[in-house]
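As a plain string of letters, each chain reads:
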Amino acid sequence: MLQGSFSSIREAFGKTLVKLGEKDNDIVVITADVGDSSRASYFKEKFPDRYFNIGISEQDMVNFGAGLSAVGKKPVVVGFAMFLMRAWEQMRNSIGRMNLNVKVFVTHSGYSDSGDGSSHQALEDIALMRVIPNFKVVIPADAAEVERSMPVVLEEKGPLYYRMGRDYSPPITSSLDYKFEIGKAYVIKEGDDLTLIGAGVVLWDALKAAEELEKMGISTAVVNVPTIKPMDQSTIEYYARKTGRIVTVEEHNVIGGVGSAVAETVVKTYPVPMRFVGATTYGRSARSQRELLDYYGITPKNIINSALELIK
Amino acid sequence: MEKGGRDGIPISIEELNKLKEMADRARRNVIKMQFYDQSIHVGSSLSSIEILTALEMKVIRDSNDPINKDWLILSKGHAAPALYAVLHEKGLIKEEELWKIQDISGLLQGHPETFIPGVDMSTGSLGQGLSFGIGVATGIKISKGTGRVFVIMGDGEQDEGEIWEAMTHAVARNLDNLVAIIEMNGFQLDESTKDVKPKDFLPEVWRAVGWRVFHCDGHDIAGVISTVDEAIKTRKPAVIFADTKRGKGFTPIENTKRQRTVPDVARQFLLNS
Numbered sequence: 000m001l002q003g004s005f006s007s008i009r010e011a012f013g014k015t016l017v018k019l020g021e022k023d024n025d026i027v028v029i030t031a032d033v034g035d036s037s038r039a040s041y042f043k044e045k046f047p048d049r050y051f052n053i054g055i056s057e058q059d060m061v062n063f064g065a066g067l068s069a070v071g072k073k074p075v076v077v078g079f080a081m082f083l084m085r086a087w088e089q090m091r092n093s094i095g096r097m098n099l100n101v102k103v104f105v106t107h108s109g110y111s112d113s114g115d116g117s118s119h120q121a122l123e124d125i126a127l128m129r130v131i132p133n134f135k136v137v138i139p140a141d142a143a144e145v146e147r148s149m150p151v152v153l154e155e156k157g158p159l160y161y162r163m164g165r166d167y168s169p170p171i172t173s174s175l176d177y178k179f180e181i182g183k184a185y186v187i188k189e190g191d192d193l194t195l196i197g198a199g200v201v202l203w204d205a206l207k208a209a210e211e212l213e214k215m216g217i218s219t220a221v222v223n224v225p226t227i228k229p230m231d232q233s234t235i236e237y238y239a240r241k242t243g244r245i246v247t248v249e250e251h252n253v254i255g256g257v258g259s260a261v262a263e264t265v266v267k268t269y270p271v272p273m274r275f276v277g278a279t280t281y282g283r284s285a286r287s288q289r290e291l292l293d294y295y296g297i298t299p300k301n302i303i304n305s306a307l308e309l310i311k
Numbered sequence: 000m001e002k003g004g005r006d007g008i009p010i011s012i013e014e015l016n017k018l019k020e021m022a023d024r025a026r027r028n029v030i031k032m033q034f035y036d037q038s039i040h041v042g043s044s045l046s047s048i049e050i051l052t053a054l055e056m057k058v059i060r061d062s063n064d065p066i067n068k069d070w071l072i073l074s075k076g077h078a079a080p081a082l083y084a085v086l087h088e089k090g091l092i093k094e095e096e097l098w099k100i101q102d103i104s105g106l107l108q109g110h111p112e113t114f115i116p117g118v119d120m121s122t123g124s125l126g127q128g129l130s131f132g133i134g135v136a137t138g139i140k141i142s143k144g145t146g147r148v149f150v151i152m153g154d155g156e157q158d159e160g161e162i163w164e165a166m167t168h169a170v171a172r173n174l175d176n177l178v179a180i181i182e183m184n185g186f187q188l189d190e191s192t193k194d195v196k197p198k199d200f201l202p203e204v205w206r207a208v209g210w211r212v213f214h215c216d217g218h219d220i221a222g223v224i225s226t227v228d229e230a231i232k233t234r235k236p237a238v239i240f241a242d243t244k245r246g247k248g249f250t251p252i253e254n255t256k257r258q259r260t261v262p263d264v265a266r267q268f269l270l271n272s
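Here the protein sequences come in this chain order: A and B. Numbered according to numbering that gives the first Met the number 0, the first sequence spans residues 0 to 311. Numbered according to numbering that gives the first Met the number 0, the second sequence spans residues 0 to 272.
Here chain B stands alone, though its shape is the one from the complex:
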């Protein structure tokens, strides 16, 4: 295994600053991607930037051996641009590919596909990632591997019934190599999450079902890393409720249900920031 496997070692200021720079570049690249394709989900992507940066750069241990590597499943697949921007920081995706997102000749699809380097599950249909993650985590355990599985979901995604099936399943299997991360950005496609179906009760339900429940600020890289470290150590299925802002850092859409703006507004924003 390469990097990762931190085991709670404190992160240095220098290293943290490097991660923040990476996240900042990834954020700007996501905003820039909408110059090239105006249908990408910018708001949902910007909400995931720090979580993806923390996981990909400091937690995930890469390997070609499926049972001795860590898996990252972006169940909220519409945040694909953020994943691609972070995978570019990791050196797995070339910059020119970012600008060809959703182009028929390009590598990067509108939602993650496993033929893209660094993508562990093809997603895009909400509610499916946790079940898949349980399958991977179980397969790793019965094969006596050391891999761990991280599944990132949205708060709107929690409407899907399959998540109920999966959350009770993971507890029944007592998986300790699985960490779910639920981003609480407060919006789903049409409206704020509270106007569609209640979400506030979620941490209590996950706890009542048998998960160890953690909370963090999903835009604080050091906080995300230390919470993930704690979650891994619990030796039980663990879920992290990460408070995030949709469109974080891109003021024209920040904390609204809007996914994007027009390219001119994005261009002006990048020039001024």
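Chain A with its partners taken away, still in its complex shape:
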């Protein structure tokens, strides 16, 4: 558990994109002037004819991607999470409504763009994207899961929203051996008394919390749900039954995000008491993502406190 070194999630994205571009000539990459920031520009170096920087124009980018997919291309639309949301209606009305094969890859989600302050910190996007029919939503836990999941994601037909941060990527899945499938949850650690469920880089905090809880004699499972939609109902139900208590962890508003999606599943399958650890408001600027996670309470300590509330 917690082996390996910290790496950059956007670096993993840029490099994996190039590898996939070598295998599939239909992949085209479109960005709204954030090729360097997102590392999508690695694709440009290798395949300049299949790379489009269309300027600071997210709405145009989404519909441009929709048009390319309508003639058989496989567009990868790349932008900052927050600014793709100004094209939410385009994603809903063009990509989702026509069920087009467009993959929307965002970086700088959550508090990851720490220095740029509240305007750049996307804490609403999971809620917004999972309500669009036809859209799937995937959140890799770390750089290793980016490498593992991207080939599968680009093979999947239809609209998909893929949410990443920036550089902060603690090792969560790098030492694990599993085949990534869309719609499947993965158990990182087994336990009997309580289950921590989450997605993205904050699973690191969940694993830290689980270690501490074990020391207190509380056997804690940790489950990674990289696919928020469709949710892996059977795995969630299994752990609800097995442990009887769930705490969710996410780098997103606790309203409408990962925790809400898990709760919706739990009330349909096997209702158990739950607690939700996540964001409640916009971020300040800070020198690092970690500082903001600590400042806004997405920490092992708060996860432990939530767990203890359920255990007592």
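Fair warning: there could be bad hints in the mix.
Below, a list of computed lysine-lysine pairs in the BS3-like style, where the Cα atoms sit at most 30 Å apart [as the list claims (entries may be wrong)]:
{"no.": "1", "chain 1": "B", "residue 1": "Lys140", "chain 2": "A", "residue 2": "Lys22"}
{"no.": "2", "chain 1": "A", "residue 1": "Lys22", "chain 2": "B", "residue 2": "Lys235"}
{"no.": "3", "chain 1": "A", "residue 1": "Lys43", "chain 2": "A", "residue 2": "Lys18"}
{"no.": "4", "chain 1": "B", "residue 1": "Lys235", "chain 2": "A", "residue 2": "Lys45"}
Think of the hints as simulated: they come from the structure by calculation, not from any bench.
Model the placement of chain B on the given structure of chain A, informed by the hints.
Then chain B, alone, in the frame of chain A:
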């Protein structure tokens, strides 16, 4: 490819008369559609009848191959009844479907959907068609196809910011297989366009950005066809400003912001005309 691809061949009087008859039938069918559903956008539809007839009957080359066919994107999706009436003339939509427009059991939706034969893009939310058209035109080019893309927009629609994003984008990509058509009927939903946001400057802006700009009377079928021919030949992104009248040919609402009348008025009008 089937028909279309005229390459500037002059149109015969007989053929022109046939197209005018088709447009006239389509116009009457749109007016008649409001007997069955009183929420359709009759005024906006009647403004588009001749443009759609000219494009669908004389310009568009149909094919099942997405990169070797011409695309028609009705970005002003509320003119869907006109598109359906013209697609009926083309034999793609059955007459009985026209009367079931917006009925829950019918094929024809309030705004175009791609599951309807002959519809290339689901529209209805204004401002999105040109960007989609640029994506299609670019995809055709990088796949070495021969297809062309026609995007029909309204003048009110030009308020949307995405159109600015798209018009500069098309020029940057130097697309020569894309023709935008902007209908200048002078009205948007609430008021005349000049009372909402200025529109008169639009041709100058499109020209300044780098488009080849054309003008035509949007109700003159021969004029529309020849202007589209010219626009295609420029080998640059081309935009046609087509002067139209909202509610054209349906005097109870012609050249007003009104979208429709009551069925009795429409019935009386059709009987008398």
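Exercise for review: Against the earlier hints, flag every one the structure doesn't satisfy and list their numbers going up.
Suggested key: 2
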